[in-house]
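Colleague: By the UniProt record's numbering, the letter at position 250 of the sequence shown is numbered 250, and the numbering carries on one by one without gaps.
If you are wondering where the hints come from, they were derived from the structure by calculation, not from laboratory data.
In this text, all values refer to a predicted model and were calculated from it rather than measured experimentally.
C-beta atoms are modelled at their ideal positions from N, C-alpha and C, and glycine is treated no differently.
A couple of the hints might just be wrong.
Derived lysine-lysine pairs resembling BS3-like cross-links, with alpha carbons at most 30 Å apart [claimed, not checked]:
#  : residue 1 : residue 2
1  : K273      : K203
2  : K117      : K90
3  : K158      : K176
4  : K176      : K161
5  : K203      : K238
6  : K104      : K88
7  : K9        : K237
8  : K237      : K284
9  : K25       : K229
10 : K158      : K237
11 : K229      : K284
12 : K117      : K176
13 : K229      : K161
14 : K25       : K104
So the derived label-pair ranges between C-beta atoms look like this [stated by the list, open to error]:
#  : residue 1 : residue 2 : range
15 : Q22       : T328      : 43 to 49 Å
16 : T215      : G146      : 40 to 46 Å
17 : G364      : T129      : 34 to 40 Å
18 : A221      : E58       : 49 to 55 Å
19 : E8        : E41       : 27 to 33 Å
20 : R82       : K203      : 29 to 35 Å
21 : L36       : V381      : 27 to 33 Å
22 : G286      : E71       : 44 to 50 Å
23 : T328      : T249      : 49 to 55 Å
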Amino acid sequence: AVDKKLAEKASRLLEKLVCLCQQPKMQLKNSPPYLLELVPETYQHFHLVLGNYELRSEALWENEYFRVYVENLYSKVKQTTRLFKEGKEKMFEEGSTYRRNLTKLSLIFSHMLAEVKALFPRGVYEGATYRVTKVEAADFWNRAFGNESIVRWDVFSKQLKMIHSFDVGLEAMALKSTIDLTCNDHISVFEFDIFTRLFQPWKTLLKNWNMLAVTHPGYTAFLTYDEVKERLQMYSKKPGSYIFRLSCTRMGQWAIGYVTADGSILQTIPHSKPLFLALIEGFKEGFYLYPDGRNINPDLTSLVEPSRQDHIMVSQEQYELYCEMGSTFQLCKICTENDKDVKIEPCGHLMCSLCLTSWLESDGHTCPFCRCEIKGTETIVVDPFDPTNESSTISKVTSMSEDDDDDD
């Protein structure tokens, strides 16, 4: 079959690419995205998938996502090897256009690997049950595309336009370049999940995107950790200068690079809040003042909505259960001191923000209760059950996976 031949060609080119990157003169920096790790990992995962479906290869080649992935993998590896052929000695010069193009392709390979690992975890397809983090975004995808894990850009944009309007032409092209992280003219459920986490909340999704990516001078596309440091070096004598980029190691999160008061350059990943809130707070605190060194900082306060917090109603059953245990539903189970005020996404477990911050700072990337990956968080308020109010017995109970059993 043509698909299998393409897979074999892609494998051979991946092996060739490793050899090209291993040339001593390349002197690739061992920091993300690092091609000498990405390419072998891509090769290994690719062959893990092929091996798992060896006895049922028809099912694999009928999988729309995998077909698109293989075509794109072959295309991108071929493009990269061609870059070496055309660049020749220029490939060994760090500041050359060829090296910059190689860095951009490295980021695309990084996105492709994250995507295929998310949709084929352990080499087995689970794209049909992939969980989109934000509830409203998940509802949109399910209504529009069911259990499809990838759709063509034109199909996707037509459906999105029904909910969030945008202009055809330049705006549509800019939107596609932001969402299509793997640059294959398709949008996967993984890419959609990343985009809706980056530009949350859903209600003002494209307004957020316009103000944070299209018009904001601090936004940088396809930049690495090292390139951010290099770029901010120009503003080392201008503390408060900053730029932000998509994190390639923590997909769906932002990395903000900024110049400190002593001229140092730091990069941070804001947790538990949308980017615009982090930028607004950072501006007030004097950290993020000059986007890409410019003197005018965009006003993002129009993106802040009053009382966006979700309210979780405690039911009579939950109230009675916790009374028997000598506790309350709203009390954080980890510290047993503070009330729960954060919901982990997508699993829905609740805890207090102090415990969540400590957990994330200790390098915990999975929910402490169920070990599901933490892809996002929402600020919430738990409304206690009032036994003196009869009407509260018929209060609406938000459906959650917060069952507070004793498993950790």
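Colleague: Straight-line Cα separation of K158 and K176 no greater than 30 Å?
Modeller: holds, 12 Å
Colleague: Measuring from beta carbon to beta carbon, are T328 and T249 in 49 to 55 Å?
Modeller: Hint violated: Cβ distance 38 Å, outside 49 to 55 Å.
Colleague: Does K284 lie within 30 Å of K237 when you go C-alpha to C-alpha?
Modeller: Satisfied, since the Cα-Cα distance of roughly 20 Å is no more than 30 Å.
Colleague: Taking 30 Å as the top limit, are the C-alpha atoms of K117 and K176 close enough?
Modeller: Roughly 22 Å separates the two Cα atoms, so the pair holds.
Colleague: Hinted pair, alpha-carbon criterion (30 Å max): K229, K161. Please report holds or violated.
Modeller: Roughly 37 Å separates the two Cα atoms, so the pair is violated.
Colleague: Decide if the proposed pair is consistent with the structure: K25 and K104, CA atoms, cutoff 30 Å inclusive.
Modeller: holds, 19 Å
Colleague: Going straight from one Cα to the other, do K176 and K161 come out at no more than 30 Å?
Modeller: The hint holds at about 12 Å.
Colleague: For the pair supplied as a hint, K25 and K229, confirm whether the alpha-carbon distance does not exceed 30 Å.
Modeller: This hinted pair holds, its Cα atoms lying about 23 Å apart.
Colleague: T215 and G146, beta-carbon distance inside 40 to 46 Å?
Modeller: With Cβ atoms ~35 Å apart, the hint is violated.
Colleague: Is it true that the C-beta distance of E8 to E41 lies inside 27 to 33 Å, as the hint says?
Modeller: violated, 19 Å
Colleague: Check the following: the C-beta atoms of G286 and E71 are separated by a distance inside 44 to 50 Å.
Modeller: Given range 44 to 50 Å: holds, Cβ gap about 49 Å.
Colleague: Between K203 and K238, does the CA-CA distance stay at or below 30 Å?
Modeller: violated, 36 Å
The structure fails hints 2, 5, 7, 10, 13, 15, 16, 17, 18, 19, 20, 21 and 23 (numbered hints given earlier, in ascending order).
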